Structures are given as structure tokens and as C-alpha cells.
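**Student:** Sequence:
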Amino acid sequence: MAGCRMPEDLATLSELDESVLLEVLSTRFRHDHVYTYVGDILIAINPLKYLPLYEKSEAEKYKSCSKSNLPPHIFAVADRAYQSMLGRLATGPKNQCIVISGESGAGKTESTKLLLRQIMELCKGNSQLERQILQAASICCLFKAPRIHGYHYSKIFEAFSNCEVKVNPLLEAFGNAQTVMNDNSSRFGKYIQLRFRNTAVKGAKINEYLLEKSRVVHQDEGERNFHIFYYMFAGISAADQEVYGLLDPTFYRYLNHKYGAVETIKQWSKKYNEVCNALDMVGFLEQEQVDMMTILAGILSLGNIIYEPQENGILKVTDQSKGWLKAAAGQFGVEEEELLKCLICTMAVTRGESIQRYHSKQQAEDARDSIAKVAYGRVFGWIVSKVNQLLAPKEDVCTTELQEIGILDIFGFENFAVNRYEQMCINLANEQLQYFFNHHIFIMQQKEYKEEGLEWETITYKDNKSILDLFLARPLGVFSLLDEQSAFPQATDKTFVDKLNSSFKGNPHFKIDRSRTPGFTVIHYAGKIQYNASGFLEKNRDTIPASIRGLFINSITPLLSVLFAATVSRTGTLMAQQRPKKTEDNFNSTRKQSVGAQFRHSLAVLMEKMFAANPHFIRCVKPNINKLPDHLDSKLFMDQLRYNGLLETIRIRKDGYSWRPFFKEFAERYGILLITPNISLTKESCLAILQTTGLKDWKSGKSRLFFKYWHQDELAKCIEKLEKAAIIIQKSYKRFHCQSKYKILLAELQNQRQLELERQIEERRQMELEQEMERKKQEMEWKNERTATPPIPLPRKKKPLPRPRSVAVDKFRNAVQPPVPRPRSKLVEATPFDNSRDHMNSSWSQEQADKEHQINQKRATIRWFKETQARKVIQNGTFPCWFHGMITRRESEDLLANQPLGCFLIRVSGSREGYTLTFRGIDRCRHYMIEMQPNGRYVILGEDKAHPSLPDLVDYYKTVGIQPFMEVLTTPCGQKCAHETDYEELRNLSVKTNPQEKLSSGTAADGSTHDRVHNELSKLFVPPDLPLSLQPEMSPVIRKIRDRKLQAASSGGSAAINSENGIEDEHQGGKRTFPRLYPSIRLAMREIQQVHEQQPTLHGPNSGEEFVPELPPKQFKEHHRTQLPGSEHYNKK
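If you want the numbering used here, it's the position in the sequence shown, counting the first as 1, plus 11.
Everything labelled a hint here was simulated from the structure, so no lab data went into it. Just so we're clear, the structure is a prediction, and the values are computed from it rather than from any experiment. Hints are supplied without guarantee of correctness; some may be wrong.
To be verified - Simulated DEER-style distance windows between Cβ atoms:
| hint | residue 1 | residue 2 | range |
| --- | --- | --- | --- |
| 1 | 211 | 769 | 54 to 60 Å |
| 2 | 74 | 495 | 50 to 56 Å |
| 3 | 273 | 909 | 47 to 53 Å |
As the list claims (entries may be wrong) - Within a straight-line C-alpha distance of at most 30 Å, the following computed BS3-like cross-link-like pairs (lysine-lysine) qualify:
| hint | residue 1 | residue 2 |
| --- | --- | --- |
| 4 | 665 | 710 |
| 5 | 281 | 969 |
| 6 | 476 | 665 |
| 7 | 74 | 458 |
| 8 | 742 | 728 |
| 9 | 742 | 732 |
| 10 | 735 | 67 |
| 11 | 461 | 675 |
| 12 | 60 | 269 |
| 13 | 742 | 707 |
| 14 | 281 | 638 |
| 15 | 665 | 74 |
| 16 | 728 | 710 |
| 17 | 522 | 505 |
| 18 | 754 | 732 |
| 19 | 281 | 710 |
| 20 | 707 | 74 |
| 21 | 473 | 510 |
| 22 | 352 | 405 |
| 23 | 476 | 461 |
| 24 | 476 | 646 |
| 25 | 694 | 713 |
| 26 | 60 | 277 |
| 27 | 510 | 216 |
| 28 | 742 | 60 |
| 29 | 713 | 665 |
| 30 | 458 | 476 |
| 31 | 60 | 883 |
| 32 | 713 | 735 |
| 33 | 327 | 372 |
| 34 | 372 | 269 |
| 35 | 74 | 620 |
| 36 | 742 | 754 |
| 37 | 646 | 473 |
| 38 | 72 | 728 |
| 39 | 522 | 539 |
| 40 | 216 | 281 |
C-beta: ideal position from N, C-alpha, C; glycine also.
Build the full structure now, drawing on both the sequences and the hints.
**Tutor:** What follows is the structure, given as C-alpha cells:
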């Protein structure tokens, strides 16, 4: 029964109605089959529990798979998009896009992460860039209540945990929040563009849309602010909370004076550590991180500012919130008086005269909230920009040559108890996606059937074009009227609603709302939604006081200055630029676009990209609203299927033709199946090709062919057979060609040997003849010279002179040839041509050049180490015993040969600016590359943890295993090498030493080898903090900068505090970064505490003012406070 009612493809159903559809999908859901096909469209039901569908073994099955051989899976969609992008399926190489749609909580964001992970697997994603893309993919979502379609996150990604943490937490922490429908709802949309060259990924880009900034200042009942605020309080230490100016989280109005349970806080603390590590891995500098956290703290402090009128009617800050004003000014790095002036009044220049216009209390509160929203939005845009810089293709890569796969993860359709401006924009985006789906599935197909003369019974569907016109038409669309009303200073939300009622009175998709609050109702494709129009105009304007931009640009907090000096593009993207010279003129010279206009333009750009690509659709469905596993709400489930048009989609996928190539396109792609060269690209050729394949149920039109969705897989199998045959032919030809070439070379070799042998025999015979002739000649001369007289002694002949050395050398060179290098493999045999003199000379020259390059590279690396790294490696004035300078790979393995398991050392790489960790493993020594991040952090390649120094890295991996073998460092390898290999490559560097140092070095030489090596290393890698006699020579400019810094640090005072942020931290034993106005922030926090200790119940529930709970007693102990130079000056002042 279950087997017959569980088809994997709904397009194969013989009978089709809503009851059959519900029965099939619910049966599959009960059997944990959460994926189902509708032709080439995937339906994904969120099971809200862990399922073993995403392990590495499952991912391997869906590489270059056939859809018919495996169950439906999201990995199959990833594989189809990847193969289509490479041109391996029916279409040629073309950009692809994967559209994921569904309600909030249906699992869209987690589906995005799964798609990215599988695509990186398909392209053999092991490089650092591909790991960064994996983590950027989910960057906006890691901080959900950990569910992946509801599945437990750590279990699903256990095999890939090293690839999921770098950028993953950031956008999720800053862009996701808890809503009534979803614990980790994406409050912005993103379109991820993966860019490839051939099969390798070369870069990526994240496009973000419509961040819900209003959530910063207001959350409905049962909802929370963005995750990052709660992570901050849970993860920051008490000392750091004092540094940033943070108090108890229940004290802040922007957090609704609420926090979380104990277990939840523990989870938040872990998430904060992941965020901090992600910031390090992405490359955020320490000063940038401190500035960012300080700005977030300033946003919270800003929300606690309360106004009250004076006798003259001008607003002032209440006595109880003066401390919050001072804290916000210090955290933003501006003057307290200037910030207050921007909050309570507006400066206008008329005919050269400045006029102050004071705000009412409501206007001042709106100005306060608008500053908080804009500041948070700029921080979020800056993070996205930094991530895109990390993932951008290299400069030498031409972006026009790259293929692309886009993945759209955008907010789902939302219908809350109270729907505001953000819900209207979100639902408009979903309307646009539904139109895109209808266009590709219904409109375009049925139009082509009629044009090509095919017999076709038109399938009716729910067209939402009229709903889009209601919102986007000009000049009488909802957004056009909203922009028109936003331009009038005297317009209100009620006048805007009245304008809508008069303009759309007869529209079937618009209903007039008769309630007291301004509102209206729109009948969307997914149902009827009632919108509360309160705040529509203010949110659409998104204005901040004109003077606040100039104030923040001139802030002494560098990050805040950069954020407000940047411009915003037509799509709302933050674009960094240099600081303008005239801030006011620059601000007032260009007309600011409304939020609605930015959103419409970004949506148009997105649709343009998607219409130019080949789409793949994933429809995510939520089984119930209570997030319960194994429970399916039939009504909710069918409502989603109904407004998604699933029945109509099944019909058109069953009866229609989803693939419709032109004759020329088909002949070019599949002409090889005829095995005939130079075929014509005509209809006749296409029909001949199809006759060889045996395909059925296809049709031919006037200019193109019409195929079912499964025909592409059948044709791909035919091509695959030919490819395998071609490989066999190529292999056979190459074997024959190589054998023939080898036989020719062998014959030439044999001929040369035979000729050489004959030449030697001939030379030997000629030599013997010459010797015989010489002997006979001497005998004849001797007989003729004999006389009868007594013999007369002849003079002694001189000893023959030795032959010139050059002759002997030449003969030797001719006779003795250089030895042939021993082959590295038994498969590699030496040939007679290896001993050619020219070849050996050129090889010798190349070897000499390589050696010289290696020497220069080593010198450059040592110079890099002495100038930038020695200070970080030194511990207590000396190098740690596990640091072995610049030794080779072989030497490091020799040092660890007889060491116990887990013994390790770190050495300076000779070929790059970095380090290598050598580890004694179970069966062999392992070498791990240690890379330097742009922000000075150290990362083992392939790991997901950044470390501030090498000692910290060593301490961390003494408790945590290194991927993939999870081996732990145990014993450091001492420097016990008799040949002094630890520093022998560095002897050519000159180091200035005084006589006392020479004496100490001589004494060390008489001692143990361990001490002698330590002393030599200390002289070679001179740390900057040691005496000047041991420091390397530096340029006069660098020396002046160093002296100026030392003088400023020793002088103390507020100037040193503000100019130098690297302040000694007694608790951490090193230097750390503080906010620019840290003393002012500390004083503000003390003032707030003193006020509420003296008057603990200033604001009661019935006082008429905004209720602020009592501040808890001082939570920071004295010994946690960091005493800064000049803080006494601030206290006295």
C-alpha cells in the first residue's frame, strides 16, 4: 500500500486531485521522505527533526547522478544546476539560478546552506576560497535555534564542521531574529552568486535586500531584536562589558527589558564565540571589531534617552537619562552637546541665515529611533561589503568569462497579527517570485505551444500580474502613491490610506479597511492580508537629522566615520568612498531615494539576473505552525500547496514540454550522435539524430523541438556512451602512437650503438696498423745504422714532456660522461638521451637559478619574520622550545623520528611568508600549513579557528584535535640537533652584538646543545622589545615612528589615550584595543549606576513615563577594571 501510494515524481500520477495529492505527500512525510519531484521541480517538506539525509556518504551518491536512479533530494538539484552550468546536460554552458520559495519557517535558509555545501563538493571545494564561500553562504543564518529544516545542525554538518564556521555566523547574527513563526527568521533577503571558471569556483558575491531595520527599535509580543544584541550580553566578559559601556540587558528599552533563560544564555554565549571567531577569520581588524561592538552598545544606550519639556517649551533630557546621553556620545565618539542638539532640533539655512527649529517630543523620539536604525543598517551593510571583498574573484580573473550559479534565499510570505511596512515589502517580493515561477512554468510554455502550432489544451492558473500592477504601477501604484505622500511634509499615514482608498476603490485585489487605525487589505496570491499603515510614511522616508551625518562623519570612532561617509546605491547597497570635503553640501545636493524606491530597483535588478539564467525551483512547505515533528496540519499544508499552484504545476509538467530547444541549438549539441562530420543544422538533421536515440513522446514544431523533462537525462546517457567510447579510442590511439614512437627511438638507439661499435673497431684496427708500421720502421733504421767500429755511447734522451692538461681533460670529458640521476620511480626509466652534454648544461643552469631563487626567498622570509613576527613569538625574552626557526621538511622529520606520538614543532617556511606545524602522527609525520590572516591572526589551513599568536594556537590544539585526523598536540620537540640545523640557513645574516653578548654566547656554547641553539636563535630572530644592540637595523622614518609611540605611551594623559588604542591590559598580559573615548564611557556608566542607586524607583509603572526597571547593583568588581593612563584626570574633571 505504502509503496504504491509513494511515487517519487508526482507528474507520473494517473489520477490527480487535491485529495490524491494530500494522501501521497502525507504518506511520504510519515515515512520521512521529505523530498518529492514534480517533474524537475522539488518539493521540500520541513520534518522539524534530524534525518540522516545529509551525511558525506549521501552527498557522494548525488555527484553526476541520474535522477531516475536515486530518491529525490536537494543534492540532486545542486548537481543538476552545476552540470547544466558546465554544459554537460541538454543546454550549452549557461548561467543558472536556484529559486527557493516558501513561508517563513519552511526551511529556505537551511536549504541554501545544503545547496552551497553540495556545489562546493561537486567542484572539489578544498581551497580556502571555497571554504569561505561555504561559510558565507549561511552567514546570515547560523544562529537559528539550531535546526536545519528542523534537523539538528551539529549532527548534519559534523563531517563538514571545518567548512561551515568562517563567515557563516556573521550575517545570521546581524540579520536574523526570532519571530512568532520562526526562531531564526531571516529579516533580509540574499542572492548568492557563485562564479566559476570551468569547474573551479573563482569567487562569490552576496546581494542583500531590505534589512528590517525597524526591528532595532521595536519588536512585537513574542519576538526579539536581532540575535547579535543577545549574543553580546551572553558572551562578553564583565570587564569587556564595562569597556563597551554595557549594563544588565533587562535595562534596555530596545530589548523590551527582556533577556533569556539560563540554558538559552549558554547557547548565546557559544554563538558569540563563533561570531568573534568568524570576524577574525574574515579579516576584521581588532580596532574594527571594538568599534563595531561600541557602536552597537551606543545604539542600545541611545534608546534609553528620555525627553521632557522645559518651561520655555524646548526639550531637554531627563536627569535620569543624562548618563545614557553621555554614554551614547562616548560610544559614538562625538561631543555630548552636539549629539543632544541633533536630537532636539533641526538646523535650516535660509538666505545665509541659520535657523534652529526645535522638535516636539514625538519628533525627538523619532529622530532618536531613526539614528539607531540607520546606524545599525550601515553596520550590516559594511559587514556584507567586507565579506564580498573576501569572496571577490582575484584581480587577474575577468568576470565576463565566468559562469554563474545564483541561489535566492529571500524572506517567505508573512501574515502576522499586525502587518506593517516590512511585511508589505516582503509579500511584494514573494509576489514577484510567484510571477517569475508562473512565467517560466505556464506563460512562456503555453505561448510557445501556440506559436509553434502544437495541439494543446490551455491549462488555467492563478495569474498574479494584476497584484504586481497594484503595487508597482506608475503613477497609480501603492509604492508610487507612498513616495508621493512621503514628499509632502504635512502628509500623514491617514492621508496616504485615503489616497489608496480613492485610487483602488474598484480593484478586486484591494479592500477598504473601516477600522479606527489607518490600514488597508490586499488579496495576495497566498491569501488576504490586512496591513496597519501606521508609520508607513516615516519608514519609507527613512530620514535622519541632516546634521547627524556630518556629526558622525567627524566622529573620532573611525568605523562610524567611514559608515556615514559612504554613499548608498540605488539598490540600497553601501558603497565606501573617501571622506567628502563639504559634508553638508554633499548631503543636501542629492535627493535621497525612499526605501520603497530602493527596494523596487533592487527587485528589478534581481529579476533581470534571474530571467537571464536557467531556473531551478525548490518549493519549501511547512507541515505545521507549532514546529512539531511528525505532525502534518492538513489545512495549513493544502493552503500552501494551493496558493503555490501545485496542482496546475503537476498538470503542465505531466502533459507539457519543459525543454524546448531550437533546431540549430539541438543539432550543435547532439550532432555527434550521428557520427557524421559537418552535418547541417536543420530540422532534418535533428529528426535523424532523434531516430538514432529511440526517444518517444517528443514533438517537432516550426522552429524548435519539444521534449519532456526526462528527455534531457536520456540524451545525456547517449552522450555519455559516446564519451566512454571516445576515451577508449583515444587510449588505444595513444598507446599505438607511443609504441610506434618508442620503436623508432629504439631502432635509432640500436643503429647508433652499432655505428659506435663499428667505429671503435675501425679505430682499434687503424691503431694496430700504425703501431706495426712504426715498429718495422724502427727496426729498419736500427739495421742501417749498425757499423763495424766500436760502439760510441749516445747522449741520453730527454724525458718526454707530459701532455697538456687541457688535452687530458678534453679526452676525459669525452670519455667520462656525467652520471645519470637515479629515477624517483621504477616506472621512470633513463633514456640514452639523458646524458646529452647540452641537456646537462641547461639542467645545471636551471638548478643554479632555482637554488639562487630559493636563497633569495629564504632571505626575504627571514627579513619578514624579524620585522613583523619575532615580537609575537617571543615568550619571556626567548623563543619557545617548539619553535625551530627555518629548517627543512626532512630535517624536521629527522628531529621527530624517535619522538613519542603527538610530539610537534613549528618552523618558518622557506618558500612563503608563513609557518608549518610538523606533527608526529601514528604512522608518519604530518605537516600543516599555518597561514597569516590580513588582520594578523594565525589559522591552520583547513581549520575554522583563528588565533592571535602562535603560542595561543599551540595551547588551543593541545585540547582540540586538528582536522581531519583529530590529532592533539602533546609534547613539544626540543631543539636537540647536533648539527645546528635550526639556524644554519641563517648564518649569512649579520647581527650586531656587543662584547657582553659574545661572552654570553660563548658561555652558552660550552653548555648544553639546547641552550646553545636557543641563544643562537635569539640572536638571529631579534625581537624588537630587546635591547637596541640586538635589534635589526631600521630606516630613520620607522625609527622616528617607534620613538614617537614610545614617548606618547610613557607620557600618559588623555591625549595618549585617544591617539593610541593599544593599551596595556593587566588581565590578559598583553596589549588590547579600547574605544576612543573609553574614560568618558566609564564615567557615564558610573553616573548611571549612582543615579539609580540613590533613586531606585524613579519611574514606576503608573508614572506616565516610559518604564525602565531598576538597574542591578554594580556587577563589575574593582579588580576587573582596567586602569588607563589619564583616567584620574577624567575623574577630577
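**Student:** Now, for every hint given, state plainly whether the structure supports it.
**Tutor:** Verification of the supplied hints:
1. 211 - 769: 54 to 60 Å: 57 Å, holds
2. 74 - 495: 50 to 56 Å: With Cβ atoms ~54 Å apart, the hint holds.
3. 273 - 909: 47 to 53 Å: 51 Å, holds
4. 665 - 710: Cα-Cα ~15 Å, so holds.
5. 281 - 969: Status holds; Cα separation ~20 Å.
6. 476 - 665: Roughly 25 Å between the alpha carbons, so the hint for residue 476 and residue 665 holds.
7. 74 - 458: 35 Å, violated
8. 742 - 728: 21 Å, holds
9. 742 - 732: 15 Å, holds
10. 735 - 67: 27 Å, holds
11. 461 - 675: Given that 30 Å is the threshold and the Cα spacing comes to 20 Å, the pair holds.
12. 60 - 269: OK: residue 60 and residue 269 at ~29 Å, within 30 Å.
13. 742 - 707: 34 Å, violated
14. 281 - 638: OK: residue 281 and residue 638 at ~24 Å, within 30 Å.
15. 665 - 74: 26 Å, holds
16. 728 - 710: Distance ~20 Å between residue 728 and residue 710 Cα, so the pair holds.
17. 522 - 505: 16 Å, holds
18. 754 - 732: Violated, at roughly 33 Å.
19. 281 - 710: The hint is violated at about 59 Å.
20. 707 - 74: 27 Å, holds
21. 473 - 510: 28 Å, holds
22. 352 - 405: Violated: residue 352 and residue 405 sit about 46 Å apart, past 30 Å.
23. 476 - 461: Since the Cα atoms of residue 476 and residue 461 sit roughly 21 Å apart, the hinted pair holds (cutoff 30 Å).
24. 476 - 646: Holds. Residue 476 to residue 646 sits at ~26 Å (cutoff 30 Å).
25. 694 - 713: The given pair, whose Cα atoms are some 9 Å apart, holds under the 30 Å limit.
26. 60 - 277: With a Cα-Cα distance of about 22 Å, the restraint between residue 60 and residue 277 holds, given a limit of 30 Å.
27. 510 - 216: Not satisfied, since the Cα-Cα distance of roughly 40 Å exceeds 30 Å.
28. 742 - 60: 50 Å, violated
29. 713 - 665: OK: residue 713 and residue 665 at ~23 Å, within 30 Å.
30. 458 - 476: 16 Å, holds
31. 60 - 883: 46 Å, violated
32. 713 - 735: 34 Å, violated
33. 327 - 372: 10 Å, holds
34. 372 - 269: Holds - the C-alpha atoms of residue 269 and residue 372 are around 25 Å apart, at most 30 Å.
35. 74 - 620: Holds: residue 74 and residue 620 sit about 27 Å apart, inside 30 Å.
36. 742 - 754: Between residue 742 and residue 754 the Cα gap is close to 18 Å, so the pair holds against 30 Å.
37. 646 - 473: Since the Cα atoms of residue 646 and residue 473 sit roughly 20 Å apart, the hinted pair holds (cutoff 30 Å).
38. 72 - 728: Distance of about 17 Å is within 30 Å: holds.
39. 522 - 539: 9 Å, holds
40. 216 - 281: At roughly 28 Å apart (the allowed maximum being 30 Å), residue 281 and residue 216 satisfy the hint.
Against the hints set out earlier in the document, violations occur for numbers 7, 13, 18, 19, 22, 27, 28, 31 and 32.
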